[in-house]
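Line by line, the protein sequences give chains L and A.
Heads up: take any position in the first sequence, counting from 1, add 2, and you land on our numbering.
Heads up: take any position in the second sequence, counting from 1, add 1289, and you land on our numbering.
For the record, the hints were derived by calculation from the structure and aren't laboratory data.
What you are looking at is a predicted structure, and each value in this text was computed from that prediction instead of being measured.
Possibly wrong hints are sitting among the right ones.
[Claimed, not checked] Partial selection, computed: residues in chain L whose CB lies under 8 Å from chain A:
1. 43
2. 45
3. 64
4. 73
No residue lacks a Cβ here, since even glycine has one placed at the ideal position from N, Cα and C.
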Amino acid sequence: MSARAFDAVTLVHGAASGPVLRLDEPLSFWGGLDSATGTIIDRLHPQCGACVTGSILMLPSGRGSSSGSATLAEALRLGAGPAAILMLERDAIVVVGAMVAAELYGLACPVALADARDWESLGAAASLTLEAGPDGAAISADL
Amino acid sequence: MAVELSSFDRELVDGKHGGGAAFAMRLLVRFAEAVDARAFIDIEAAHVDGCLYHGRASLDFTERMIELGGKVRVPTTLNVGSVDLIHPELFRGTKEHAENGARLMRAHVELGCAPTFTCAPYQTMWRPRFGAQIAWGESNAIAFANSVIGARTNRYGDFIDLCCAMTGRAPAYGLHLSENRVARALVEIAAIPEDWDSEQLAVAVGHAIGRRCGGLIPAIVGLPAGLSEDDLKALGAAAASSGAVALFHVVGRTPEAPDLETACGGLTPELRLQLTAEDLREAARSLSNLDEGAPLGAVSLGTPHFSIDQFVRLMPLLDGERPLIDIFVNCSRATLDEVRMRGWEKPLHNARVTLVADTCVYVSALMKPGVGTIMTNSGKCAYYAPGNLGVGVAYGSLPECIASARAGKVVRL
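This is chain A alone, in the form it adopts within the complex (with noise of 0.2 Å):
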């Protein structure tokens, strides 16, 4: 069946909006012929993840676009680049790269997109509210919209989230509308390691049922209350890389998940998955291909962006002995103006601590040479850097992360 196009829709396809909002069009109708969406609707913010340089395409696709005239028409953020344009000295790739990686970023920031650069939006001044309708890219993010705020996203991908910033519209399928938001797998967890802290159990969580779930969206019990934040950011961003997870419900945690019943929408769930302590432990494990004792050349942290209250829980634990590593810690511009304001940069510094801002070390060339093994509290780090870099990864929790750097090996506590 074909899309339905409101007059508004009509003027964009036939460049009444300019050129770049034309092409922009007949690309998403194309896309809603695609995915099966039956009409369009506003939305009020984008995010866009095709800053990150991925070889010519993106940038191709991002100067005709600008060669068209073409201007955002929703506030719009703009997910990591490739390099880090504050301190673009730690680009360590080839000098094309580093070119065509800031080329790709300005060349965002020129069709009016806010120069964010982070992949942790929803902890800045644009955060979303709870209903509204965007369209956002990178899918850490699109989870914890959709999750923890409540805001609407499908999983926007690179081109289309630009493309619906060009237009202000969004193909109305998925989880734009309520039906499709309840959850249709239900997964207990039924113990948890005792010696785990929050953020590890979160990150199993999301990990086993990101491979676990399919394309189902998962209701979690048995998950103790007053998980932070930022747990559920790590969760999220573990479960969106072991798996395409772009909404899950905490029951008693998340805005649409006030109970059990309100979030299966009164429907039985297909899936009925239980998590012990020891598959818990297992998803953990299958995150590290090194072992104790292992090796390591530096240890990366700050996947997703960290914040300001990571930033709060990191800095007591750099106290004591000089790390025998580097430590990244991969932020967004506006929390390392905060940990400057705070003048933490010193001691960070001091601590062997690299700042990181704009980027992120598993998806840019920031390391030395030769480092053929990290550790990393993250999830989705952990996940994606054998692949992007080469390398070897242990996983561990952030105070595993620092002894481990004082170490210069792996360290279990």
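One chain only, chain L, in its complex shape (with noise of 0.2 Å):
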């Protein structure tokens, strides 16, 4: 097994790892994720079924309803949630999910903006630790 490094954006602080979960179209996870499961239930998605638990998510943007940080946060408090995200695109409702789940429970669940250029690679990966500090995010890929 050998390790490669990626540079990120912090958008919340924190610092996990596991295995990844690459998503191949954007989720709402207000009706597309069972808080209580972390199962992908979005019947249009192509990932439906999917468990996002302890994983480093692999979000490209986020998508439909305005009530997906509730779902997050809740999921989160519950154990459900994924361990870290990474995203393509800033995500204020996805973001804001991760922050309350910090602050209501000092659950951490650290979400940084990945380059696009990175996506395929961090993709292919077995698993990532990601560490998102204030000055920036550092990505450690398991190939």
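With the hints as a guide, dock the two chains, each given alone in a separate frame, to form the complex.
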């Protein structure tokens, strides 16, 4: 196993590692994620049925309902949320859900903005480690 | 780059306006950093969608605000909750869910929000004015406020909409700023299925642009003149379900799009999309997973909440044979009052209509256990009901929905 490092932009602080789950399409957590089980339930999503729990979730962008933040915060509270989220576009709804879980429960789900050029390589990794701090984020990939 | 705080913003952070406002402002500052905003602006109103119970997290957040002595600083409306406080007997979920849902709704009222409990606040006395800076939650309401009214809001989600309400401030980014409101996608409606009414057309166009425009603001040309506000409401709701559409321009119809050049801000669109009649039929078909003739358990109308004009359309369709299955119509308290004043409650009841206020069938437990299939005239309800309720769904026009309710199965006209 070899490791590779990537730079990213911190959206929500924290550190986490886990297996990669790369979504092929944007997902709305509300209506799209079961907060109790972490399962994707959007029937029109290509990865309907997949489980985000404990993963480094590669979510290109948010979508749909503005109620996604509470679903994410609730999934994190219940331990069913992802370990971290990597995005290609800033998404306020995702950021807020992760921030509130941190404020209310002290649970870290770091969120970072990855470089589009790295997306393929990151998605091909078996697992990722994200360290998102005030001066930027570093991702290390086990290929 | 750091966010620049005004002296008032600093007072908020420092707790000079109370602990609730301080907690809200601290979250807003981190949020502003995350979305790369450089400063805050004043807002004149907020619409909060955090009163729908998604579990403990939303209740814990709101109760923290109350403990800190928080009150909203601008007029604030509320989106739908989990229970109908006017007809609490309709709720069929667990007692715990009913209690927590009602508690969350009342907690928001305690913070000073108006108990509107509607996803169509733009069709109430709280409608914002053109150009108003606002902080709204609820995807369909955001799309309507930006597109149809020309008010300015980003897609604020739960928690942050309340933080904006508690401070009267919003980060200056995205759709608050003129330069970000121009269309970047041109959507040309090349042909329209001849047998469709304007609502069907609006839903199909909305669903298609949501799926195909990505994050780009679309300018739509080729729609017939005279689309009603309810049609545009249906378009925005469908587009904001299948995509992240927060603003669309209908050239010649919506206020920031008197013509194509103005809608695009003089720029060349990044994406050009042509929708044929077959594309639109396919978009409508993809909203159904039930075939014609499939047995139905219920019909649900009013996602977003039914307006009084939509009741005017509905009433004559109900003349005739009594439906075999229940028809739920979701509306605001204010619209319900108007329906009662017009003497329509009894004829609606006689036609098997259950009026639902404060909430919506697709986010609450209102249908009899065992209802496994529903039909709706809403692109948004059709999109979310299978995931939320675990039901099969048929999308159809309003007349098709009523004909299907009479037959107890999916009827196509």
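Evaluation of the provided hints:
no. : hint : in the structure
1   : 43   : holds (4 Å)
2   : 45   : holds (5 Å)
3   : 64   : holds (6 Å)
4   : 73   : holds (6 Å)
Comparing the model with each earlier hint shows no violations; every hint is respected.
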